[in-house]
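Number of protein chains: 2
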Amino acid sequence: MPPFTKDVVKFGTFVVTSQVFHLTPLSFALVNLKPLLPGHVLVSPRRIVPRFNDLSAAEVQDLFLTVQRVSRTVERVYNASALNIAIQDGVDAGQSVPHVHAHIIPRRKDDLSDAGGTDAIYGMMESEEGDLGRQFADQEKKKQGQSEEAAGDKRGRFPAVDEAGRKPRSEEEMQKEADWLAEEMAKDEKSST
Amino acid sequence: MPPFTKDVVKFGTFVVTSQVFHLTPLSFALVNLKPLLPGHVLVSPRRIVPRFNDLSAAEVQDLFLTVQRVSRTVERVYNASALNIAIQDGVDAGQSVPHVHAHIIPRRKDDLSDAGGTDAIYGMMESEEGDLGRQFADQEKKKQGQSEEAAGDKRGRFPAVDEAGRKPRSEEEMQKEADWLAEEMAKDEKSST
Chain A
1 MPPFTKDVVK FGTFVVTSQV FHLTPLSFAL VNLKPLLPGH VLVSPRRIVP
51 RFNDLSAAEV QDLFLTVQRV SRTVERVYNA SALNIAIQDG VDAGQSVPHV
101 HAHIIPRRKD DLSDAGGTDA IYGMMESEEG DLGRQFADQE KKKQGQSEEA
151 AGDKRGRFPA VDEAGRKPRS EEEMQKEADW LAEEMAKDEK SST
Chain B
1 MPPFTKDVVK FGTFVVTSQV FHLTPLSFAL VNLKPLLPGH VLVSPRRIVP
51 RFNDLSAAEV QDLFLTVQRV SRTVERVYNA SALNIAIQDG VDAGQSVPHV
101 HAHIIPRRKD DLSDAGGTDA IYGMMESEEG DLGRQFADQE KKKQGQSEEA
151 AGDKRGRFPA VDEAGRKPRS EEEMQKEADW LAEEMAKDEK SST
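Sequences listed follow chains A and B, in order. Just so we're aligned: the first sequence equals residues 1 to 193 in UniProt numbering. Just so we're aligned: the second sequence equals residues 1 to 193 in UniProt numbering.
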C-alpha cells in the first residue's frame, strides 16, 4: 500500500512519510519505530523548530486540537482508559530530536505493574529505548546498508529498559499501523460532525 | 497582600484562589503546594472536567496558549533551559485530581543528577510527593484543624520520594510566589506586544 500521504514529511532531519497517519495544514501525527506501549504515537508541528515557545499561536492551537483528535482515536482503538500526553521541551528535559513533539501514550489499569507501576512509562521515555534521535538515526543508517551496531552512537545517557528484547519495527509494519489509524481517525471525524 | 484575583478559583473540589497567578477567560495557572522542582506550576481549564477530550476546541486552544505564555515566564524567572510539559489524562495515567491540568516543570542541565537523572522528575510526579489529590486534601483538613497525620489517607500507591524531607508550603509563601509570577507574566506580555 502507498503511504497515507505523498507529501514528504520530516521529523527533525528524518523523512517519516510512511509513518504519518494524520496531516493538518500545520501539524502531523506519526507512528513510532519502537512504541513504548501499543498505540504510542507522536504529534508535531510541520514547521521544524525545537522549542514550544518557537510556535506561533496558530501552530499551538492546531497542534493541540490534533493531539486531542489523535488521542481520542488511539485511546479507542487500543482499548485504553487513559493517556499520557508529554512534551520534553528542550535537551535538558530529555528531548532527543530538536523538533517539537507531543508523545501520546494510551494507558490501561496496571499496564506497567510488572515494570514498576504507572510511572514507569516516564523512565522508559527517557531511556535508550525511548531515545527517538538514536532510533531514527539507526533506521536511516540501516537504509544505507550499515549494520545497526555500527550505526549506534552509544550515547547511553540512561540505562536501557529491556533494550535487548525489542527490535525496531519494519517500514511495512509501521505503514500498516499508519494506514489503519488513518482509517480510524476518519471514522471518528465522521461521527463527530 | 490580597491574592492576585478575587474570583474564587477551584481546582477540582479545592479552592485555590490564593495560589492563582494568571487567569484567562477559559484557563488559570496556579503555584504548587509542594513543587517538585522550583517553578513547578499547573495550568487548568476553568471548567472542571476530568479528561482532555472533554474540552471544547476553544478551551484546548486557550489552555495551550496559556501553557505557552506561562512556560516562557517560568523558564526565564527560574533560570531554566528546558521544560517538562505533561498531562496525566485519566486515573490510569496517574491523574489524582479529576480536573484537567498540565504540569509545567522548569529544567536545568543535571538538575536531577543526584535523584537518578533527567527522567527522575516523572517518578516524582507519580510518587506520593506528586500526589496533588492527597496534598490538597491534607491542606483542606489542616485548615479545618485536623493534624496532617490524621488527614493523610495513606493510599501510598507509589513509594514516596524524599517525602519525609519536605513540608507543604504555607499559604503566605504560595501567595508570595503567585504575586511575583503575576508581575513577571505582565512584564513578558508587555515585551511581546
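Calculated from the structure, these hints are not laboratory results. Please note: incorrect hints may appear among the correct ones.
Treat identical chains as interchangeable: a pair holds within one or across any two.
As the list claims (entries may be wrong) - Lysine to any residue pairs mimicking SDA-like chemistry, simulated, CA-CA at most 25 Å apart:
#  : residue 1 : residue 2
1  : K141      : E59
2  : K187      : P2
3  : K141      : Q68
4  : K141      : L55
5  : K187      : D54
6  : K109      : A137
7  : K10       : Q68
8  : K109      : P98
9  : K34       : P50
10 : K187      : S56
11 : K190      : Q61
12 : K34       : G116
13 : K176      : G116
14 : K34       : S18
15 : K143      : K190
16 : K109      : D92
17 : K109      : L55
18 : K141      : V77
19 : K143      : E183
20 : K190      : L112
Here's how the hints hold up against the structure:
no.	hint	verdict
1	K141 to E59	neither (31 Å within a copy, 43 Å between copies)
2	K187 to P2	within (20 Å within a copy, 51 Å between copies)
3	K141 to Q68	neither (34 Å within a copy, 36 Å between copies)
4	K141 to L55	neither (30 Å within a copy, 42 Å between copies)
5	K187 to D54	between (33 Å within a copy, 19 Å between copies)
6	K109 to A137	between (33 Å within a copy, 24 Å between copies)
7	K10 to Q68	both (22 Å within a copy, 24 Å between copies)
8	K109 to P98	between (32 Å within a copy, 16 Å between copies)
9	K34 to P50	within (22 Å within a copy, 30 Å between copies)
10	K187 to S56	between (30 Å within a copy, 19 Å between copies)
11	K190 to Q61	both (21 Å within a copy, 22 Å between copies)
12	K34 to G116	both (20 Å within a copy, 24 Å between copies)
13	K176 to G116	neither (31 Å within a copy, 38 Å between copies)
14	K34 to S18	within (15 Å within a copy, 44 Å between copies)
15	K143 to K190	neither (37 Å within a copy, 50 Å between copies)
16	K109 to D92	between (30 Å within a copy, 5 Å between copies)
17	K109 to L55	between (34 Å within a copy, 23 Å between copies)
18	K141 to V77	neither (32 Å within a copy, 41 Å between copies)
19	K143 to E183	neither (28 Å within a copy, 53 Å between copies)
20	K190 to L112	neither (33 Å within a copy, 46 Å between copies)
Going down the numbered hints, you'll see the structure goes against 1, 3, 4, 13, 15, 18, 19 and 20, while the others check out.
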